[in-house]
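Trainee: The primary structure of each chain is shown beneath.
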Amino acid sequence: MNVREVEDALGKDLSEIPKKEPAKKKRKKIERSRIVFIVSMLAIPIISWLIFWLYGNFNMILMAFQTPTGEWTFRNFVTFWHDLTAPYSEVGVSVRNTFLYFGLNVLMILPIGTLIAFFIYKKIKGHKVFRVLIFLPAIIPTIVMVTAFKETIKPWGPLASLGIKFPEAGLLADPNTATPTVMFYCLWTGFSTIMLLMCGAMARIPTELFEAAKLDGCGPFREFFSIVVPLIMPVLSMQIIFSLTGLLSASGPILLMTGGAAETSTLNYWIFINTQRGTAASGAYNIVSATGLVFTFIAVPIIMLVRWLSEKIEAVEY
Amino acid sequence: MTKVSEFYNKVRRRKKGEGAFLARRSGGERAVFIVAFIILAVYSVSLLLPLLWMLMNSFKDGTEYAMDVVAATTLRFPEAWKFSNYANVFAEITYNNVNFFGMLGDSIYFIVVGSGLELFFTTAVSYVISKYKFKGRNFIYSVAIFAMTMPIIGNMASGIKLRAAFGIYDNLLAVFFTAGAGAFGFNFLMLYAFFKSVPWSYAEAVFIDGGNHFTVFFRIMLPLAMPMITTLFILSAIAGWNDYTTPMLYFPSFPNVAMGLYMASQTLTRGDMSTYYAALAITTVPVVALFAGFSDKIMKNYSIGGLKG
Numbered sequence: 001m002n003v004r005e006v007e008d009a010l011g012k013d014l015s016e017i018p019k020k021e022p023a024k025k026k027r028k029k030i031e032r033s034r035i036v037f038i039v040s041m042l043a044i045p046i047i048s049w050l051i052f053w054l055y056g057n058f059n060m061i062l063m064a065f066q067t068p069t070g071e072w073t074f075r076n077f078v079t080f081w082h083d084l085t086a087p088y089s090e091v092g093v094s095v096r097n098t099f100l101y102f103g104l105n106v107l108m109i110l111p112i113g114t115l116i117a118f119f120i121y122k123k124i125k126g127h128k129v130f131r132v133l134i135f136l137p138a139i140i141p142t143i144v145m146v147t148a149f150k151e152t153i154k155p156w157g158p159l160a161s162l163g164i165k166f167p168e169a170g171l172l173a174d175p176n177t178a179t180p181t182v183m184f185y186c187l188w189t190g191f192s193t194i195m196l197l198m199c200g201a202m203a204r205i206p207t208e209l210f211e212a213a214k215l216d217g218c219g220p221f222r223e224f225f226s227i228v229v230p231l232i233m234p235v236l237s238m239q240i241i242f243s244l245t246g247l248l249s250a251s252g253p254i255l256l257m258t259g260g261a262a263e264t265s266t267l268n269y270w271i272f273i274n275t276q277r278g279t280a281a282s283g284a285y286n287i288v289s290a291t292g293l294v295f296t297f298i299a300v301p302i303i304m305l306v307r308w309l310s311e312k313i314e315a316v317e318y
Numbered sequence: 319m320t321k322v323s324e325f326y327n328k329v330r331r332r333k334k335g336e337g338a339f340l341a342r343r344s345g346g347e348r349a350v351f352i353v354a355f356i357i358l359a360v361y362s363v364s365l366l367l368p369l370l371w372m373l374m375n376s377f378k379d380g381t382e383y384a385m386d387v388v389a390a391t392t393l394r395f396p397e398a399w400k401f402s403n404y405a406n407v408f409a410e411i412t413y414n415n416v417n418f419f420g421m422l423g424d425s426i427y428f429i430v431v432g433s434g435l436e437l438f439f440t441t442a443v444s445y446v447i448s449k450y451k452f453k454g455r456n457f458i459y460s461v462a463i464f465a466m467t468m469p470i471i472g473n474m475a476s477g478i479k480l481r482a483a484f485g486i487y488d489n490l491l492a493v494f495f496t497a498g499a500g501a502f503g504f505n506f507l508m509l510y511a512f513f514k515s516v517p518w519s520y521a522e523a524v525f526i527d528g529g530n531h532f533t534v535f536f537r538i539m540l541p542l543a544m545p546m547i548t549t550l551f552i553l554s555a556i557a558g559w560n561d562y563t564t565p566m567l568y569f570p571s572f573p574n575v576a577m578g579l580y581m582a583s584q585t586l587t588r589g590d591m592s593t594y595y596a597a598l599a600i601t602t603v604p605v606v607a608l609f610a611g612f613s614d615k616i617m618k619n620y621s622i623g624g625l626k627g
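Protein chains in written order, with the numbering used here: chain A, 1 to 318; chain B, 319 to 627.
These are computed hints drawn from the structure, not numbers from a lab. We put the CB at the ideal spot given by N, CA and C, even for glycine. Certain hints may be false.
To be verified - Derived EDC-like pairs (lysine to aspartate or glutamate); straight-line CA-CA distance at most 20 Å:
| hint | chain 1 | residue 1 | chain 2 | residue 2 |
| --- | --- | --- | --- | --- |
| 1 | A | Lys123 | A | Glu263 |
| 2 | A | Lys154 | A | Asp174 |
| 3 | A | Lys125 | A | Glu31 |
| 4 | A | Lys28 | B | Asp527 |
| 5 | A | Lys214 | B | Glu347 |
| 6 | A | Lys154 | B | Asp614 |
| 7 | A | Lys123 | A | Glu223 |
| 8 | A | Lys123 | A | Glu208 |
| 9 | A | Lys150 | B | Asp590 |
| 10 | A | Lys29 | B | Glu522 |
| 11 | B | Lys449 | A | Glu31 |
| 12 | A | Lys24 | B | Glu382 |
| 13 | A | Lys154 | A | Glu168 |
| 14 | B | Lys514 | B | Asp527 |
| 15 | A | Lys25 | B | Asp527 |
| 16 | A | Lys123 | A | Glu151 |
| 17 | A | Lys26 | B | Asp527 |
| 18 | A | Lys28 | B | Glu522 |
| 19 | A | Lys150 | A | Asp174 |
| 20 | B | Lys453 | A | Glu31 |
| 21 | A | Lys154 | B | Glu382 |
| 22 | A | Lys123 | B | Asp527 |
| 23 | A | Lys25 | B | Asp590 |
| 24 | A | Lys29 | B | Glu410 |
| 25 | B | Lys451 | A | Glu31 |
| 26 | A | Lys125 | B | Glu347 |
| 27 | A | Lys26 | B | Asp614 |
| 28 | B | Lys400 | B | Asp590 |
| 29 | A | Lys123 | B | Glu347 |
| 30 | B | Lys400 | B | Glu410 |
| 31 | A | Lys128 | B | Asp614 |
| 32 | B | Lys479 | A | Glu71 |
| 33 | A | Lys24 | B | Glu522 |
| 34 | A | Lys150 | A | Glu263 |
| 35 | B | Lys451 | B | Glu522 |
To be verified - Calculated Cβ distances over 10 Å to all of chain B for the following chain A residues:
| hint | residue |
| --- | --- |
| 36 | Lys25 |
| 37 | Ile143 |
| 38 | Phe149 |
| 39 | Ile227 |
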């Protein structure tokens, strides 16, 4: 935009500057209006943030140490510990599953997603179509994707019509198969954003590197492991952090899949469902807050450590 | 003859380009790419087929689908295409006395008012913090970044209690109070970076003309940022359309489409399923339409958005 366009936008001619006010007085006036402007732009968001973010989180700490009627107590933490260590404990299962999903993200989805991105970046035949199709799970509502998946593996679903046998009760009802099935769903729909992210990172690698490698007779495997992976390492390590915070702050498809039945609960899902179904009077809110507080205290140092480590890995300049 | 030599030259020129050199694949390499192509193709088709199966069954009569279930023959076209399923969605899919129209209304309200306000506040905050020097500016910026990266677990109960204390729990007006708190999210970083790159001389031109800071923001900066704001809005619209946890926690009487469909699905019989599939198909249309219209912008932003923060 140049001065002419600004003039058009204002409907005025900037060359006809009004010369009525002396410059000094005008400057003062602008300074005063500057403060008014800053305050009026920031006031509502900051007040709202102070109440709903800062006090909301501070209040969680208070609630963890309170009974439903507001007396101070450590009882919530005792209850939490009992819940965690009891045999067949739902909290214990949730913690185990959360680790399983983290492993799935880091060991399967991240590497496979990066490999998919590599082939799309290398302009494999039909890469534009693949890019859109693989991205679809990020766009299509989870309830639609999950329903489609659940129906597909039902004893009467499309796969069954093709002759594949599924247990009558369904894979999601049996604790032995339920979590692996949900994990398979997460894998099946999990590459969309990783793929895009990695494509973006690879696009920034100078093509000279690939040319030089090719002249030296380097194949796609060497290219991938010796050029691409080291150069996108910062993005990869960032993704490990994101997958951890993502797991802790979102419950994924658990509610739609099983409602937490058949030992499929995760930590965030456990907290979500106990908050959603609990009431303030029952003390559920306080136990949920105590549980959340404990895991926040475990998660924050881990995230800090991973972040510190990823900063230690020297960022490659290119 | 000239045509042939022209063609030959064209090919030679293209081969000289760097893209051609990289695109040329040796035998072994070609084999790897063929295998990868087959895997990607199978995978992509596997993503589509269940959706198409559901779409096909959404046109079946309720009893026909129920009988297909018993016989495990759901993988076939309807005997009679029952388009009325799509009309029935609006009357038959209900939760808590809210019908599908009501759910659509709630979805649109949360997106337009909720996400819209939040984005407006985000724009205002990121503009002021990137363009104005004042006491506490760096502090606000650091606190915003810190808050963004903190994985806080289990604050939902506290959120409900706080909203109840203000009388805005399960109240549509709540979005007016809480939207400001969302102004310090990841969108803040995107818009902050954008406004950093806009030269201040535009503002000075307005001041010379007698305009004030509000004029600069609303008449110059906001229109300049509009393409980016539009993209961010579409992204949050898609996220809001698909989000069922927020209404379940804070607005239980106001189910949006995602929440309402999940709740309604809990009480469905086999005979209702084809209408339910129709409802799912209707729910998919708006996001796919948005995606089709803005796919380049959406995909670009997803790939940048992940990097920041």
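Trainee: Run every hint past the structure and note whether it holds.
Mentor: To see whether the hints hold, each was checked on the structure:
no.: 1; hint: A:Lys123 with A:Glu263; verdict: violated (42 Å)
no.: 2; hint: A:Lys154 with A:Asp174; verdict: holds (13 Å)
no.: 3; hint: A:Lys125 with A:Glu31; verdict: violated (60 Å)
no.: 4; hint: A:Lys28 with B:Asp527; verdict: holds (16 Å)
no.: 5; hint: A:Lys214 with B:Glu347; verdict: holds (11 Å)
no.: 6; hint: A:Lys154 with B:Asp614; verdict: violated (36 Å)
no.: 7; hint: A:Lys123 with A:Glu223; verdict: holds (14 Å)
no.: 8; hint: A:Lys123 with A:Glu208; verdict: holds (17 Å)
no.: 9; hint: A:Lys150 with B:Asp590; verdict: holds (16 Å)
no.: 10; hint: A:Lys29 with B:Glu522; verdict: holds (14 Å)
no.: 11; hint: B:Lys449 with A:Glu31; verdict: holds (14 Å)
no.: 12; hint: A:Lys24 with B:Glu382; verdict: violated (83 Å)
no.: 13; hint: A:Lys154 with A:Glu168; verdict: holds (8 Å)
no.: 14; hint: B:Lys514 with B:Asp527; verdict: violated (23 Å)
no.: 15; hint: A:Lys25 with B:Asp527; verdict: holds (15 Å)
no.: 16; hint: A:Lys123 with A:Glu151; verdict: violated (34 Å)
no.: 17; hint: A:Lys26 with B:Asp527; verdict: holds (12 Å)
no.: 18; hint: A:Lys28 with B:Glu522; verdict: holds (15 Å)
no.: 19; hint: A:Lys150 with A:Asp174; verdict: holds (14 Å)
no.: 20; hint: B:Lys453 with A:Glu31; verdict: holds (14 Å)
no.: 21; hint: A:Lys154 with B:Glu382; verdict: holds (18 Å)
no.: 22; hint: A:Lys123 with B:Asp527; verdict: violated (52 Å)
no.: 23; hint: A:Lys25 with B:Asp590; verdict: violated (74 Å)
no.: 24; hint: A:Lys29 with B:Glu410; verdict: violated (62 Å)
no.: 25; hint: B:Lys451 with A:Glu31; verdict: holds (12 Å)
no.: 26; hint: A:Lys125 with B:Glu347; verdict: holds (13 Å)
no.: 27; hint: A:Lys26 with B:Asp614; verdict: violated (46 Å)
no.: 28; hint: B:Lys400 with B:Asp590; verdict: holds (13 Å)
no.: 29; hint: A:Lys123 with B:Glu347; verdict: holds (13 Å)
no.: 30; hint: B:Lys400 with B:Glu410; verdict: holds (15 Å)
no.: 31; hint: A:Lys128 with B:Asp614; verdict: holds (11 Å)
no.: 32; hint: B:Lys479 with A:Glu71; verdict: holds (16 Å)
no.: 33; hint: A:Lys24 with B:Glu522; verdict: holds (16 Å)
no.: 34; hint: A:Lys150 with A:Glu263; verdict: holds (17 Å)
no.: 35; hint: B:Lys451 with B:Glu522; verdict: holds (15 Å)
no.: 36; hint: Lys25; verdict: holds (13 Å)
no.: 37; hint: Ile143; verdict: violated (5 Å)
no.: 38; hint: Phe149; verdict: violated (6 Å)
no.: 39; hint: Ile227; verdict: holds (12 Å)
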